[in-house]
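> Residue-level listing of the chains:
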Amino acid sequence: MTSAYRHTTKWLAIAPIAVMLAFVLVPVLNIFSTSLRLDSFAILSAATTRNIVWFTTWQAFISTAIVLVIASPIAAVIANFKFIGRRALISLVSVPFILPTVVVGAAFLELLPRSIHRSALAIIIAHVYFNVGLAVRIISSRWQQIHPQLDDAARTLGASTIRTFLTITLPLLKKSFISAGLLVFLMCFTSYGVVRILGGPARSTIETEIYFRAMQLGDVSGALVLSILQLVVVGILIFLITNIGKAKASPKFGQTVYSRMHHPRSSRQKLLVATVAITTAVAVVTPLMSVLHRSIYLGQRFDTSAWRSVLVDTEIFSSLLTSLRYAIFSIVVSSIVGLLGASAIVYGSSRYQFVNLITSIPIVLSAVTLGLGLIITFDVNPIDWRGSWLMMPIAHCLVAIPIVIRIISPVLRDLPNDLRDASRTLGATTWQMWRTIDLRIITPALITAAAIACAISLGEFGASSFLVRRNNETLPLTISRLLSRPGDSIQAQAYAISTLLIVVCIGIIAIVDYRDSNERGI
Amino acid sequence: MLECRNLVVNYESTPVLQNLSIYIGSGEIVALTGPSGSGKTTLLRCIAGLEIINAGSIWLNAEEITTRPAHLRRIGLVFQDNQLFPHLNVAENIAYSLKIHRVSKKLIDEKVAEVLDLVDLAHLADREVVRLSGGEAKRIAVARALVAQPEVLLLDEPLNGLDKELHARLLEDLGKLLRLRGTTTLHVTHDQDEAAKMADRVLDIRQLLS
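Those protein sequences? They're chains P and L, same order as listed. Positions in the first sequence are counted from 1; adding 877 to them yields our numbering. Positions in the second sequence are counted from 1; adding 950 to them yields our numbering.
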């Protein structure tokens, strides 16, 4: 608890609690109480449901295993070697993770041979592409916290490079591998956009089945039963992820990042770095280039009509403006509510930890269920918001707020109280102290959080699928609609929009990584 | 015996060691002093095989080891901040080199017990290393290096950061232990008193450069 602000904590907590109560808890409890029928639980024993659960699980498991295998050498190179383009490689490998899922789906629809479209293989490949960056970031940052002299100590005690890796590095990285694995599994298990685009009707995961049951079959109760099933699995996974770092016998790691990195010395090291860096860059860029290529080539012919239509077609241009408007809304609202939430959690006593809990609900809850809750709850007077443009950006904020809180709160928590005390003794009021110390120090984290909120809003697809109305289609929904229509020139428009989103996401990653490296003085 | 002949080490074109030569006889304890940044730690890392040298050669018992990998040199190094493996307990840390060399479990247990007795910490065998005090961690680091029976032991300011009383006690114990085992030792320190009390011979790194 930060005593300097303890009197303000209750005011700080009001907005995040009110937002979560009004737009998450109430809608979710409402749909469960009004729409869930006990007889719907029978679908859990149906063969189709069992097949869907089995497919959701095994594709997530295989995707996770492949992600960890591919991420390991990339993380090793990033954590241990200095080389030209290292920072660019870190940013590049992270780009897929913030790309809208429909864009990743579209990229692989273009890149993969038609014979494996609508197959489990296509979904797994896209999931691997989407999540490798996440695993690389988790594993490489933990790797950088391992003191390089531990390796030296092992070598002077007779361990070869491989033995040192197996007996020292790997055991120390074990928990980061488990954390990364659980998070990637969670992402693949709850994946929606990729499965919708690449799986087609033949391949369903629990998340797409929730959408299908609620929207196509009108079986909201059945959708809720599946939602409960997913909630249980996700809850267990999140419990495991949160408790990995708290295991009793775990080696203690601080925030210290050691300068493990050195220029590759031997020719073997040079070859390793070059191979990993070039292969990674090619693997990340190829799907992105295929999106651009598809947007400017019709058949074998160079054609920019898709790009012209993005600016001329009123529907597409309207989607572009809608996405931008919602992104701005999401940046402003998520940043403010997220900042207030993070402040309440960090400044408040232990009883304010429930703010942490309540703002975690949107992470546990699937975006599709969230959308379903909102649409069913806010469709009666006096809060009949079915026609309101507000619902979709609010849903985007609900997905972004927990992430914003998790970006800002560690920085606030690490801020030494002595700085605030020093400011107090120099005559600052509470407000001046917060503005000149806390706000100044968390500004880079706040900018990162705003950038991520922007990316989330621009790419959100799950909840938006439920909340879309005439005249408020966002770009991912437009991409999905255009891809489902026949005709090369129409599909090229989807790829032109996807290219736009890719450029924006690369810009966002550049902002985040530039600020991050400046902050750490890298 | 250990000998370095005309060692040259540069870090990205900045010279760190220029034509450094040093000789240490078998069983001898030599203390190396010098100001901060004069290359003492770099010299130890070169001898241990952890740094690449630009020129010169290193000899151990009349055999050139300049290009030999660190894990095949049989040269132990006690780091300034110990570098005990945080995922292993005290006994496992000490047993590390024995396991690497596939020594039998029975012999490992015997040797670990023996060396823990030697450093007076037999009661801490099962303790997590993160729970050791500064002095205990230092003793374990020395024990871990000694159990590997290195031809040469390198000590990189091993008593740095300890309080005065503990420093004096450990210095005495360490000196006795190394003499008892006849371990050839190069002890780097910036403390002239420590160097004089511990070593057979005290050298200043600046005198070794030509």
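Simulated from the structure, these hints should not be mistaken for laboratory data. Virtual Cβ for every residue (Gly too), placed ideally from N, Cα, C. Be aware that one or more of the hints could be misleading.
As the list claims (entries may be wrong) - One side of the interface only, derived from the structure: several residues of chain L facing chain P at Cβ under 8 Å:
1. Val966
2. Ile1002
3. Gly1026
4. Tyr1046
5. Val1053
6. Leu1057
> Hint by hint, say whether it matches the structure.
Against the structure, the hints:
no. : hint    : verdict
1   : Val966  : 15 Å, violated
2   : Ile1002 : 6 Å, holds
3   : Gly1026 : 6 Å, holds
4   : Tyr1046 : 5 Å, holds
5   : Val1053 : 11 Å, violated
6   : Leu1057 : 15 Å, violated
Hint check: violations occur at hints 1, 5 and 6; the rest are consistent with the structure.
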